[in-house]
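Asker: Each chain, letter by letter, is given below.
Number of protein chains: 2
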Amino acid sequence: MPERIIDIGEFGLIRRIRDLLNREGRRSERVTLGIGDDTASFLPRPGYELLVTCDCLVEGRHYLPGRITPLHLGRRAMTLNISDIGAMGGKPLFALISIGLKAEALVQDIEEIYRGFLWELNPFGASIIGGNLTQSGNGMFIDITLIGEVEQGKGVRRSGARPGDVILVTGYLGQAAAGLKLLLQSPDDLSLRKHPLVKIYNAPSHRAYFGAAIAEAGLATAMIDTSDGFLGDLGHVCTESNVGAVLMKEKLPVSEALREAALDFHKDPYDFFLGESDDYELIITCQPDKVTLLCSLATRLGFPVPLTEIGRITAEAGNMIIIHTDGSRHSVNPSGWDHFRLKEED
Amino acid sequence: MPERIIDIGEFGLIRRIRDLLNREGRRSERVTLGIGDDTASFLPRPGYELLVTCDCLVEGRHYLPGRITPLHLGRRAMTLNISDIGAMGGKPLFALISIGLKAEALVQDIEEIYRGFLWELNPFGASIIGGNLTQSGNGMFIDITLIGEVEQGKGVRRSGARPGDVILVTGYLGQAAAGLKLLLQSPDDLSLRKHPLVKIYNAPSHRAYFGAAIAEAGLATAMIDTSDGFLGDLGHVCTESNVGAVLMKEKLPVSEALREAALDFHKDPYDFFLGESDDYELIITCQPDKVTLLCSLATRLGFPVPLTEIGRITAEAGNMIIIHTDGSRHSVNPSGWDHFRLKEED
Chain A
1 MPERIIDIGE FGLIRRIRDL LNREGRRSER VTLGIGDDTA SFLPRPGYEL
51 LVTCDCLVEG RHYLPGRITP LHLGRRAMTL NISDIGAMGG KPLFALISIG
101 LKAEALVQDI EEIYRGFLWE LNPFGASIIG GNLTQSGNGM FIDITLIGEV
151 EQGKGVRRSG ARPGDVILVT GYLGQAAAGL KLLLQSPDDL SLRKHPLVKI
201 YNAPSHRAYF GAAIAEAGLA TAMIDTSDGF LGDLGHVCTE SNVGAVLMKE
251 KLPVSEALRE AALDFHKDPY DFFLGESDDY ELIITCQPDK VTLLCSLATR
301 LGFPVPLTEI GRITAEAGNM IIIHTDGSRH SVNPSGWDHF RLKEED
Chain B
347 MPERIIDIGE FGLIRRIRDL LNREGRRSER VTLGIGDDTA SFLPRPGYEL
397 LVTCDCLVEG RHYLPGRITP LHLGRRAMTL NISDIGAMGG KPLFALISIG
447 LKAEALVQDI EEIYRGFLWE LNPFGASIIG GNLTQSGNGM FIDITLIGEV
497 EQGKGVRRSG ARPGDVILVT GYLGQAAAGL KLLLQSPDDL SLRKHPLVKI
547 YNAPSHRAYF GAAIAEAGLA TAMIDTSDGF LGDLGHVCTE SNVGAVLMKE
597 KLPVSEALRE AALDFHKDPY DFFLGESDDY ELIITCQPDK VTLLCSLATR
647 LGFPVPLTEI GRITAEAGNM IIIHTDGSRH SVNPSGWDHF RLKEED
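In order, the protein sequences belong to chains A and B.
Just so we're aligned, residue 1 is where the first sequence starts under my numbering, counting upward by one.
Just so we're aligned, residue 347 is where the second sequence starts under my numbering, counting upward by one.
Errors might be hidden in some of the hints.
[Said to hold, decoys possible] Have a look at the derived ranges for each label pair, beta carbon to beta carbon:
#1 B:Asn-368 / A:His-266: 30 to 36 Å
#2 B:Asn-368 / A:Gly-327: 40 to 46 Å
#3 A:Thr-292 / B:Pro-348: 51 to 57 Å
Keep in mind that the hints were calculated from the coordinates and are not lab data.
As the structure is a computational prediction, the values presented were derived from the model and not from experiment.
Note that CB positions come from ideal geometry on N, CA and C, so glycine has one too.
When you get a sec, could you build the whole thing from the sequences and use the hints?
Answerer: Written as structure tokens, this is what we have:
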């Protein structure tokens, strides 16, 4: 019979996780103390700022139990955090994992979740150095604190966009939202797992390598990941930079898969693109003379990053405008993801 | 009508918290970016190791809603983490706060929880630099990551105890457990709030100042806080140091208040002392010739710390023994707190 957590206890589970991390994870020489004491400790690197972020996945809120494999759950939770470090131009170093678990949960599922964490951390040589296991009768949650670093003074903030800057975006937005809609419409259709949009929803990726390369080259004035939805996050950049934005609708990179799905849903694909979605792409602003360099950088990484110029930063603080193909102008709100607001029905 | 979170939304709540922190909190010059971007960032100090820990409070598990004020809830959550940093000999610097909230929660209660965090952080000049707010339909949780620092090479671990070392403990253990038992026995008796044991349960304190002073003076071979219960944590020291322990029962410092309460409960006060309890005291091991210096250090802080010598470290790995007043020896297990194990009834 598969072991449950209640069978091996908290300290038994900690030992199992420690063994798994020793076997399958990386261990940086800068970690002076890992899991197993009151705190972990590490030596910082002179000349580098430390970046630190935390993001949480709650059962029933950010994922549906049984609709995601434990491995993918771990990958997703870590990807959210890596994306935040990458959006500052940093690289992840160390993670602390806090998990609330039901006592009946299977030990092998928890181990798979940790494999998901390592899947995302190992390519960076980053490691899990601490954490906390808590019994939670009310459903599971995974809260990750991720520590990264960036060369001193090279971190890219939300607040640096200036009027006249070009706005660019990586990849294709709205695809994860469409994938989720497909899943919710046909919960029992297992063949959906192979649908490209569902795959993008189930296993999101981040642009942290590109973000770090941009920061190192000093090419961006502002950067943010799209975790609050495209307009929500462009809105954050506008607010923090005290600027506005004009977007060219025809330039927004809508993928063929999203266009087809939207047709089936009788929806406008741009609603998916602009609204709430679980894509972890980057919105980048830069001076116009840096666009060519940015594009060339996007093709020179291990795998090319789609990068599209979609608009300009303006001096009209807080004002976001979309210009349609016919030249008409339409004001838009940063109606991104706000966890606590009452939502209108679709 | 008092505002609920759902009335002001996630970003409204973040603004309110940011304002409160700017008004009532400290801001270190080493923080290069605080709350409001994808990540926070700070500059490490050369010659210091960074310490990092996380601990979580779950509603219904670690506290009962309505039985603790929001201010005390905040203080308690932060105290657990400060205690862990202090047990390594470090001082807290920066906190990240992840909270799962119900949408109906009152904004003023959340602000009070943050005041509780600051109550504990401000004396250290430590600050809240990041976090995450999540809607949780399943009850609240507070997960804190606390970053501290200790001079390089001066951190005190669990693994340094050596045979012949003296074992000391700060304060009086078991009091919080007795306070909780009082509360659970008479849930409606409001006068209990003034009972000294209930006060100790409701507003635990830490020994981080003493821990840091011990580390700076290089006096301890091992140190741990008693968050897993006295025997549980002494057991961790024995396991990680590969040693055993002999305790003199008559030397264990049982407070008068605990002795009286135990009499009323028809229980042995040592059961409270040795078992699971929410006291955040320190277990310290040191070489015999360091005891006098340690005791003198304990009286020289702003407020004197009760410090009691209770036993010796032995070479018998994993073997913990209590010597009773009549000279008889009794083997004990590290039956400390294990969140997931099935518990025997009292």
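Asker: Next, verify each hint and record whether it holds.
Answerer: So, going through the hints one by one against the coordinates:
A beta carbon spacing of about 47 Å between B:Asn-368 and A:His-266 contradicts the range 30 to 36 Å that was offered as a hint. Separated by about 44 Å at the C-beta atoms, B:Asn-368 and A:Gly-327 satisfy the suggested range of 40 to 46 Å. For the pair A:Thr-292 and B:Pro-348, the supplied restraint of 51 to 57 Å holds, since their beta-carbon distance comes to about 55 Å.
The structure does not agree with numbered hint 1 stated previously, though it agrees with all others.
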